[in-house]
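Protein chains in written order, with numbering that gives the first Met the number 0: chain H, 0 to 502; chain C, 0 to 151.
Just so you know, the hints here were simulated from the structure itself, not pulled from any lab data.
Treat the hints loosely; a few may be bogus.
Straight-line Cα separation of at most 25 Å, DMTMM-like style, residue types lysine to aspartate or glutamate; simulated pairs [what the hints assert, rightly or not]: (1) K142(H) with E15(H); (2) K35(C) with E15(H); (3) K39(C) with D40(H).
Here are the simulated distance ranges between beta carbons [what the hints assert, rightly or not]: (4) L230(H) with D146(C): 56 to 64 Å; (5) L43(H) with S73(C): 40 to 48 Å; (6) E80(C) with G257(H): 41 to 49 Å; (7) F125(C) with D127(H): 54 to 62 Å.
Heads up, the beta-carbon is just placed ideally off N, CA and C, and yes, glycines get one too.
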Amino acid sequence: MALSMSTATFVVDRDETRCITCQVCVRQCANDVHYYDEDGDRVLSRDDACVGCHRCVSLCPTRALVIRQNPLEFRPHANWTAGRLRDIYKQAETGGMLLTGMGCDQPYRIYWDHMLLNASQVTNPSIDPMREPMELRTLLGRKPERLAFEQGGALAAEAVPGPQLELSIPVMFSAMSYGSISINACQSLARAARQVGTFYNTGEGGLHPGLYAYGANTIAQVASGRFGVHLDYLNAVAALEIKIGQGAKPGIGGHLPGEKVTPDVSRTRMIPQGADALSPAPHHDIYSIEDLRQLIYALKEATHYAKPISVKVAAVHNIAPIASGIVRAGADIVAIDGMRGGTGAAPTVVRNNVGIPIEVALAAVDQRLRDEGIRHCASIIAAGSCRSSADVLKAIALGADAVYVATSALVAMGCHLCQNCYTGRCNWGIATQDPYLTKRLNPNIGERRLANLLRAWSLEIKEMMGGMGINAIESLRGNRDHLRGVGLNQVELDALGIKAAGC
Amino acid sequence: MKRIVIHEEHCIGCRLCEVYCLVAHSTSRDIIKAFKTERKTVMPRVLVEEDGPISFALQCRQCQDPSCLEACISGAMHRDERTGAIICDESRCVGCWMCIMVCPVGAIQQNLLGTQVASKCDLCYFADVPACVANCPNEGLTYEVIDEEARL
């Protein structure tokens with residue numbers, strides 16, 4: 000089609016008085032936006048291809064570049080917004096599903112921003128975390144219902160806790176597979192997890208031979224495609240996670256395009272090189288809670304009951320009874336991924352319209368498990384867009400044992416949320432397998448930046464806990480008295496199980 | 000002595016090392032002036048070598064037993080006491096180009112900008128850290144104390 004109605008999303012503004020034609024931007028843009036014009040000895044740009052990733056802006060040594068949103072405005076229409084029109088133009092041209100990356104970008108209410116934390120004043124003392132010890136250590140796994148002793152004083156069998164994961168901060172790196180992200184990104188996550196004393200998750204892409212060394216800080220996924228699952232893989236890691244669903248695309252499978260299946264990815268995933276890696280939407284051996292129980296116990300058998308088994312589900316409408324079923328099926332950990340959780344590739348329509356936010360899902364699950372008296376049987380991990388230490392703390396107060404972060408981790412490594420992960424041309428060297436691009440993420444730098452992020456968050460968490468007069472994260476877990484809602488209606492407050500500010 | 004260590008696995012071929020090397024050896028030491036007004040008189044002393052996705056920034060290795068120093072007929076090539084860098088004294092260089100002939104890594108270039116002086120890395124002896132190292136965005140170059148014995 001000669002005529003395209005799709006217009007550039009961004010405009011590249013180059014300050015000619017600052018541009019020194021060093022061509023760093025030309026060499027750094029994988030989308031070929033910048034090019035050198037030899038005749039005029041100047042750098043020009045093709046704005047249409049710009050995705051707004053800011054790689055050129057960050058590397059331009061004279062700060063000569065500014066990327067702006069294309070000011071082209073449609074005639075205002077509250078219903079037919081520019082985004083809706085552009086989507087239709089694109090679909091009318093291509094006849095295909097629109098794809099996207101990262102989490103939902105639509106302005107649904109972010110409940111974290113409508114909850115406020117408490118602090119101590121007069122009647123209860125706050126704690127200075129610089130002077131007194133603060134405990135962030137978190138144990139994930141099945142806990143005994145009560146203490147019991149044999150005759151003679153030994154701990155009774157039913158009082159022995161199941162296998163536990165020990166975290167020095169209640170934050171873990173969420174599942175991102177080798178294939179969807181580069182080996183350098185995986186290395187950065189694995190090393191940072193080991194340095195800080197937490198865990199990272201392999202996603203469903205198997206475990207690269209170079210990452211077995213970090214097994215003690217690894218959670219390995221068993222997903223519907225069973226990519227890279229074998230006995231050594233199961234036994235090399237600290238915990239296993241059965242992935243049922245993902246917050247960004249509940250109910251649908253995964254699709255790693257063949258271009259990303261390099262020889263190394265092919266070996267790790269145990270699939271042919273260059274073949275699309277298709278994860279089926281359901282596990283074809285799990286059509287019920289009873290089936291799930293079989294897989295949980297198959298994995299427990301394979302690993303001699305030495306590792307906790309997690310089940311990860313997307314936050315959907317009936318999440319509370321689903322989570323109850325998962326716990327009753329024998330899971331030691333339930334991971335719930337809210338609708339704002341990220342992805343390497345998903346149909347835009349699914350990402351933006353399916354699922355529920357993690358805040359309400361978490362509150363519902365925690366309450367349901369407590370009501371049923373089985374909350375101790377499994378730990379809850381909340382995933383799906385914890386953007387700051389405050390979000391982490393609010394999640395814990397709502398009932399999470401720990402949180403998974405992935406987008407925050409990617410941002411720490413350089414991601415600018417251009418949402419083009421699915422193209423495989425990540426200019427920051429994260430969501431790509433292109434050898435020119437993967438080099439751009441130095442795992443030494445990635446590890447340092449991720450560890451810095453978690454260190455910064457742990458300092459902030461301790462500071463806020465101290466303000467509440469709490470010296471152990473255990474005391475905040477599910478302690479919703481420390482949360483108040485602002486700008487929420489009664490239905491929302493009830494769903495979250497919190498009081499309104501002022502009450 | 001500290002030396003520039005090349006990490007080709009982290010070099011992203013952006014050539015910012017070349018940009019900042021040029022600026023560090025310009026008169027103004029201002030990036031925009033250096034490129035806009037001094038471009039004809041100053042050149043980078045580091046060169047990024049590329050072959051497909053593999054690239055690395057190469058500058059003088061500051062050999063322990065330097066051939067260039069031995070080959071220099073005018074005594075212009077000398078070792079800087081503080082940094083241990085081999086430096087070309089421009090006032091003594093006669094432009095015979097023997098240093099270029101004998102350099103085993105090809106790190107010396109003709110200064111083609113009219114002054115007939117050999118141009119090579121001087122480890123930015125006037126600064127704490129060489130400009131190429133300080134400005135590499137991916138730590139593809141580092142400035143480290145290295146074991147000379149092990150290097151041999």
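Structure-based check of all given hints:
For the given pair, K142(H) sits about 64 Å from E15(H) by alpha-carbon distance, which is inconsistent with the 25 Å threshold. For the given pair, K35(C) sits about 11 Å from E15(H) by alpha-carbon distance, which is consistent with the 25 Å threshold. Our distance criterion of 25 Å between C-alpha atoms is met by K39(C) and D40(H), whose separation comes to about 14 Å. Separation of L230(H) from D146(C) is about 43 Å and departs from the stated range, judged on CB atoms against 56 to 64 Å.
At roughly 46 Å, the beta carbons of L43(H) and S73(C) sit within the given window of 40 to 48 Å. The given range of 41 to 49 Å is broken by E80(C) and G257(H), whose C-beta atoms sit roughly 59 Å from each other. Look at F125(C) against D127(H): about 47 Å separates their beta carbons, and that is not inside 54 to 62 Å.
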